[in-house]
Amino acid sequence: MIALSQATIYGLAGLAVFGLGLMGVLGAAERLRRLIALNLCAAGAGMVLIAAAWRSPPAVPDPVPHALVITGIVVMVSATAVALALIRRLHSLETDTDD
Amino acid sequence: MTVLLAFDLLLAASIVGLAAATLLMRDAFAMIVAFIVFGMLLALGWARLVAPDVALAEVAIGAGLSGALLLRTLAHLRGGGLSAQGGASVSAPTNGATQGINALLAGLATCALGLAYLGAPQNVPGLEAHVTDAMPESGVTHPVTAVLLNFRAYDTLMEVVVLLAAVIVVWQVERGLAETPAPALGTVYQGFARVALPVAVIAGGYLLWIGAEAPGGAFQAGAVLGAVAVLGLLSRHVRPAPAHRPLARGTFVAGTAIFALVALGVSGAGRETFEYPPAHAKTLILLIEAMVTVSIAATLAALFHGREPVTVATGKETT
Amino acid sequence: MLEIAGTAFMALGALFFVAGTIGLLRFPDVFCRLHALTKADGMGLALVCLSAAIGAPDGGEALRILLIWVFVALASATGGHLVARHARRAGPPVREVRP
Amino acid sequence: MSPVLAVILTVLLASLLGGLWRVIRGPSDSDRMLSAQLLGTAAVAMTVVLARLQDMPALLDVALVLALLAAVTLVAYVALSERRGR
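Chains as they are written, first to last, in UniProt numbering: chain A, 1 to 99; chain B, 1 to 319; chain C, 1 to 99; chain D, 1 to 86.
Simulated from the structure, these hints should not be mistaken for laboratory data. Note that beta-carbon positions come from the ideal geometry of N, C-alpha and C, so glycine has one too. Where hints are given, some of them may not hold.
To be verified - So these bits of chain C aren't anywhere near chain B, every CB distance computed over 10 Å:
(1) MET1
(2) ALA8
(3) ALA56
As the list claims (entries may be wrong) - With the Cβ distance kept under 10 Å, some of the chain C side facing chain D (calculated, not the full set):
(4) MET10
(5) THR21
(6) LEU24
(7) LEU25
(8) LEU37
(9) ALA40
(10) GLY44
(11) ASP58
(12) PHE71
(13) THR78
(14) GLY79
(15) HIS86
To be verified - Computed beta-carbon distance windows for the label pairs:
(16) A:ALA29 <-> D:SER28: 22 to 28 Å
(17) D:VAL7 <-> B:VAL238: 43 to 49 Å
(18) C:LYS39 <-> B:VAL195: 17 to 23 Å
(19) B:LYS282 <-> C:ARG85: 45 to 51 Å
(20) A:ALA29 <-> B:LYS282: 47 to 53 Å
(21) B:TRP209 <-> C:PRO28: 45 to 51 Å
(22) B:PRO246 <-> D:VAL4: 54 to 60 Å
Using the sequences plus the hints, can you model the full thing?
See the structure below:
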């Protein structure tokens, strides 16, 4: 049985966030919502990684997953910015043809 | 300790609840605000997991700049300003079968991740022993910075390249897209900016410097300085003009260029790429970090601003 | 002694946050809520920071805590002003005060 | 000392979660943004308490950055909302 440490708590929460985010990515109707869902999905994966890196108190956590997740956050914000630019562009194209 | 356990359970539950609420929120603005709050709670969770570096990156980028980016896009979708209602994209409702398949797929992927997480041995030493062994050669004393800038520097170089690629794509996609500029924010804000912006710049510099020995470093510092630039753009202290383009391009590329040059420069004389000579490792890492910070700050601000400054847009600014 | 005082300040600060939240939930319009929360969170954070600064092991930490408080106070005042101005311009007219 | 800090932390979290109701219900965008600001301040306070509780001074930097960046979202909201307005 798994001990109920803070790593387990946040790890399981991360799994739930990942699942919710993935469902949002697949099922959300609007583009903006889908993009936010993708961000949630990435956050959940990050939580799982950081939970896996946790060590019980006297020991310090594994720094490698920490570095990976920081990289992930920065890559995610770049991807989000690109997706948002595409959303803005698509919106302009759609509203232009409607007129 | 039981109180702290209750706190952890409550925080974890609210993180999951907020993720669900974010996806279910009807109003797009409410969804974005919920996402911003989600980022704050996530950062607290990371603080509880003894990951201050990640918490720092999350509050700077996840809760801060992503929120501003999303709000800016929503303002565009609503036709110029946030307060103008309507214009939200309406889409066809998905049918039950599709939703069932989606749920199944998401569930399967989550189960796979869950098995990988729960199946792996918990709370046992992973790579930290290797990191600790190699620390004396890294040139810094903070393990996360050592991993980012030395041991796994390839990843970090690629990450800077991703940021560069993002700004190139955004400039291309937004070409010719005109937008009404933001109004002046008034004297109270100007007073605030006069105090806050220098403080924020100092905080950014401090984060960069402290990164060698404590949580902090190029990304966090870059995000803080990027936020300063975003505030400057919003209050129109900074007005991008076509004349700034060569400077902007140079700044975007500077981080990647220095990083790659150092990586290749140290590679001769029997050394691998990125194998810094231990005696100069700290200097080289600080040099890279400083340039990368400036690049990241400029890139994030450009990603927020969106389109490339062109003559047409500035001509419209006076109208 | 100092430690007890510090903890008491922190507990009091937390109560101010609770008060602010109650105000945020109960008050009828955006201006009243603004009033409640700028008072409460300003005071609450001030007390929490004061308590943390009392317990700080060295001057550098105390300085950073002070900086956090000053910055939040400035940002909160400016933010409150900006939101109020915006709500005044964009929103429905301010409620009449009934005699 | 530390059990008391944990209780304070939980109270702050409960207060933050209460404020979340205003974010969800609104009614206006200003209400939502304002509540987010209060929640941000609560999160700053929680980070400061956590720094003490876990004896991690680095969390003070997290609190500082959170304070700096929360202001950006708020200013972005006001500036972008007033873009068309009048």
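Checklist line | Hint status (Cβ of HIS86 of chain C to nearest Cβ of chain D, threshold 10 Å) | finding: holds (5 Å)
Next item on the list: Could you check if LEU25 of chain C really has its C-beta closer than 10 Å to a C-beta on chain D?
Entry: holds (6 Å)
Margin query: Is the interface hint satisfied for ALA40 of chain C? The criterion is a beta-carbon contact with chain D at less than 10 Å.
Written below: Status holds, d = 8 Å.
Next item on the list: Tell me if MET10 of chain C is really an interface residue toward chain D, meaning its C-beta lies closer than 10 Å to one of theirs.
Entry: The hint holds - MET10 of chain C has a Cβ within 10 Å of chain D, the shortest such distance being about 5 Å.
Notebook entry, point to check: Does the nearest C-beta of chain D fall within a distance shorter than 10 Å of the C-beta of GLY79 of chain C?
Noted result: holds (4 Å)
Item checked: Non-interface claim for ALA56 of chain C versus chain B (Cβ beyond 10 Å) -> It holds; ALA56 of chain C is separated from chain B by about 16 Å at its closest Cβ, greater than 10 Å.
Checklist line | chain B versus ALA8 of chain C - minimum CB to CB distance exceeding 10 Å, so not interface | finding: At about 18 Å from chain B, ALA8 of chain C clears the 10 Å cut-off, so the statement holds.
Notebook entry, point to check: When you take the CB atoms of VAL7 of chain D and VAL238 of chain B, is the distance between them in 43 to 49 Å?
Noted result: Between VAL7 of chain D and VAL238 of chain B, where Cβ atoms are some 45 Å apart, the hint holds.
Checklist line | Interface hint outcome for GLY44 of chain C [beta carbon to chain D under 10 Å] | finding: Holds, about 6 Å.
Next item on the list: Could you tell me whether the CB distance from LYS282 of chain B to ARG85 of chain C stays inside 45 to 51 Å?
Entry: Since LYS282 of chain B and ARG85 of chain C have Cβ atoms about 48 Å apart, the given range 45 to 51 Å holds.
Next item on the list: With chain D as the partner, please determine if PHE71 of chain C meets the hint condition of a C-beta pair closer than 10 Å.
Entry: holds (5 Å)
Note to self: Looking only at beta-carbon atoms, does the pair PRO246 of chain B, VAL4 of chain D fall within the given range of 54 to 60 Å?
What the structure shows: The hinted range 54 to 60 Å holds for PRO246 of chain B and VAL4 of chain D, with Cβ atoms some 58 Å apart.
In summary, the structure agrees with every hint in the numbered list given earlier.
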